[in-house]
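As you go down the protein sequences, you meet chains Z and A in turn.
The opening position of the first sequence corresponds to residue 1 in the working numbering, with each subsequent residue numbered one higher.
The opening position of the second sequence corresponds to residue 1 in the working numbering, with each subsequent residue numbered one higher.
None of these hints come from the bench; they were simulated from the model.
Be a bit skeptical, because a hint or two may be false.
Heads up, the list lumps identical chains together, so a pair's fine if it works in one copy or across two of them.
Unchecked claim - Straight-line alpha carbon distances no greater than 25 Å define the calculated SDA-like cross-link-like pairs of lysine to any residue that follow:
no. : residue 1 : residue 2
1   : LYS243    : SER23
2   : LYS315    : ALA120
3   : LYS315    : ASN103
4   : LYS243    : PRO107
5   : LYS315    : SER130
In this text, all values refer to a predicted model and were calculated from it rather than measured experimentally.
Number of protein chains: 2
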Amino acid sequence: MSRMIPAPRLLSLDEAISRVVDSASRLPAETAPLLSACHRVLAEEIRLVQPIPITDRAALDGFAVAASATVGATSYNPLLLPLRAISAGDPIPPGSDAVIPLNLGQPQPPDAVECVQALAPGENVEVLGSVAAPGALLSAAGTQLSPPHIGMLIAAGLVSVEVIRRPIVRIVVAPGSATTDINGPMTRALVERDGGVVADTVTVERSQQGIRSALGAEGVDVVLVIGGTGPGTDDHAAAALSKAGELAIHGVAFRPGETSGLGRAQNGVPVMLLPGSPAACLFSYEMLAGRAVRRLGGRDPALPYRSRVMRTARKIVSAIGITEICPVICSGRDMAEPLPSFGETGLMAAVAADGFVIVPEASEGHPRGASVTVYLYERSCIGG
Amino acid sequence: MSRMIPAPRLLSLDEAISRVVDSASRLPAETAPLLSACHRVLAEEIRLVQPIPITDRAALDGFAVAASATVGATSYNPLLLPLRAISAGDPIPPGSDAVIPLNLGQPQPPDAVECVQALAPGENVEVLGSVAAPGALLSAAGTQLSPPHIGMLIAAGLVSVEVIRRPIVRIVVAPGSATTDINGPMTRALVERDGGVVADTVTVERSQQGIRSALGAEGVDVVLVIGGTGPGTDDHAAAALSKAGELAIHGVAFRPGETSGLGRAQNGVPVMLLPGSPAACLFSYEMLAGRAVRRLGGRDPALPYRSRVMRTARKIVSAIGITEICPVICSGRDMAEPLPSFGETGLMAAVAADGFVIVPEASEGHPRGASVTVYLYERSCIGG
Chain Z
1 MSRMIPAPRL LSLDEAISRV VDSASRLPAE TAPLLSACHR VLAEEIRLVQ
51 PIPITDRAAL DGFAVAASAT VGATSYNPLL LPLRAISAGD PIPPGSDAVI
101 PLNLGQPQPP DAVECVQALA PGENVEVLGS VAAPGALLSA AGTQLSPPHI
151 GMLIAAGLVS VEVIRRPIVR IVVAPGSATT DINGPMTRAL VERDGGVVAD
201 TVTVERSQQG IRSALGAEGV DVVLVIGGTG PGTDDHAAAA LSKAGELAIH
251 GVAFRPGETS GLGRAQNGVP VMLLPGSPAA CLFSYEMLAG RAVRRLGGRD
301 PALPYRSRVM RTARKIVSAI GITEICPVIC SGRDMAEPLP SFGETGLMAA
351 VAADGFVIVP EASEGHPRGA SVTVYLYERS CIGG
Chain A
1 MSRMIPAPRL LSLDEAISRV VDSASRLPAE TAPLLSACHR VLAEEIRLVQ
51 PIPITDRAAL DGFAVAASAT VGATSYNPLL LPLRAISAGD PIPPGSDAVI
101 PLNLGQPQPP DAVECVQALA PGENVEVLGS VAAPGALLSA AGTQLSPPHI
151 GMLIAAGLVS VEVIRRPIVR IVVAPGSATT DINGPMTRAL VERDGGVVAD
201 TVTVERSQQG IRSALGAEGV DVVLVIGGTG PGTDDHAAAA LSKAGELAIH
251 GVAFRPGETS GLGRAQNGVP VMLLPGSPAA CLFSYEMLAG RAVRRLGGRD
301 PALPYRSRVM RTARKIVSAI GITEICPVIC SGRDMAEPLP SFGETGLMAA
351 VAADGFVIVP EASEGHPRGA SVTVYLYERS CIGG
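All chains, please: the whole structure from these sequences, using the hints.
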């Protein structure tokens, strides 16, 4: 029978966050084809090589004309000009230097267009290099590419880009009494949300030897061990990590998630210890491990939720000495109503809530009507 | 040589949006394994079958005790009780009915724990069914599943769920003079962002016959035709659709994107016409086609951007009679500074902007300092 690990001394959440972020350095770059680079993070800035546009071209759909031929045109004095229909992006034909917008020119088939407004030379024309000159910054290093970036970079002549490699994650599940693994699939979904790739999910026996055997994985950037972090006689995660590497943190003053830990395997790979209780696993990931995954992949380690200052609809009670994550539902424009805690209702609170409030260690909560920062779950959007 | 399509009569953007949304009905359900259901949209509500928890269990890591044995315990009068370490989620052992939290109990090896606070019976214990009773609503129909939903539904005993089928999209590119296809890859990334699956991207000759040949695809839910929507002599998209089905809309009063169209192929599949100019293609997708893709897949057809009311740092000028999408960059907490228009700088504006303002048809713009709603691009988050 193994000796029990004594109850860990709790580190403050802020200190633990900074240790987690420091443990994870941005991964090196790799080349990705632009066609599959959406949502990837640029490893280097991209500057323009050719001017945009590369020739004088129509800025919008309409009719190419010589501006000098439009002088004097008004709705009282429409002028008939040669019909040269042109689509946005088409090169300006010889002899033209302006474009009548679609809704201001009336074609008079077969070969004329009615012009009711004088144009200046160059009007509705993109002159060579007028959008951007060679050397202009297209995208800064660290940019997460969106669909318009993909279009813009193809337009600039690129076919591939240097992006930060995706972090490769091993999930090690050391189940306790539960028969069904809730944490593995949930954590996989969290890792994928944060741009990571789950190399494998390994279920091990909840023994020191079982957990140790899974810590030495090669070819992964971070190992997440779920379960066995508590003070029970079958909680071996911390002991396994201190034997098979280095246990730097065990016990963080936040709830749910206070038995979280952090260290490194012998091969130097960061190892995060997440509690096996599902709500604690979720917030251990959100508050700590997820920051490492995002930072490894070049993303912002901050919480991936937008926040809004709202008012509490009821008192929020919290223990002094420990940061508490409190689920809330939102009503009206700015009221946040506390729900029963994650400790009381577990994942139900995460599913029922619109977001959560973080009550810091030094606070015993918030009175009714207090201003609080609410981190909001996105409902019905994004993904991909 | 074919006859030119006359300049289209422009429909208001609001009317076009409601026609696009009406053209797209939510797709039927399919069964998805929970392990791959993250970000999918539930087709039906899910109610609990078994109680949660299914047995009395520890609500947090700590020490199981009989509450009656803690009566009188204070920090001045610590009581030594039998050591029964317990992890959150573990069943409460016989003879215990409360749990001392980890940070309030001090183990005294080998077999005692020091208790400094009296507990009530049931304290830190989740009683059978106390979180949720059978029949409780876990997730409403239409919910987009997040990682905690996956965990919660596995905990509730599910292995698969009924979700709305992903919309299958055909992209048809009818390139004009441009040699490189910018729009196909950009639109694919947009469709994937919105939960759609691009079945294929077909490049066709920009002729009526070329475009018609690609409209009759079977097994797809919507066809996006990009290019050939303008008034030029080689703009055949609208004519092709009216010959090979029904052209319901051609010409919408918004910019960029005013030559957008909508109809149906002969087999009843909705067909969206998007202009070939990249910025117009982007906003034709954002303002119109994307709503169809999202609605087909059970998502909210509204713009997938969060919005914030901000003040204009400079005047925003816009033409009356046409809705204009104006790129802005944000400074400070709430200032929105207009950038050169999409018409002037194309996709550069989309890449440089922090978001955009929609100036309605009836407005000629906003003076400096006016309140405007800014739709904000997400920077460095989400994806997945």
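Results of checking the hints against the structure:
no.: 1; hint: LYS243 to SER23; result: within (19 Å within a copy, 63 Å between copies)
no.: 2; hint: LYS315 to ALA120; result: between (65 Å within a copy, 22 Å between copies)
no.: 3; hint: LYS315 to ASN103; result: between (59 Å within a copy, 24 Å between copies)
no.: 4; hint: LYS243 to PRO107; result: between (82 Å within a copy, 23 Å between copies)
no.: 5; hint: LYS315 to SER130; result: between (58 Å within a copy, 22 Å between copies)
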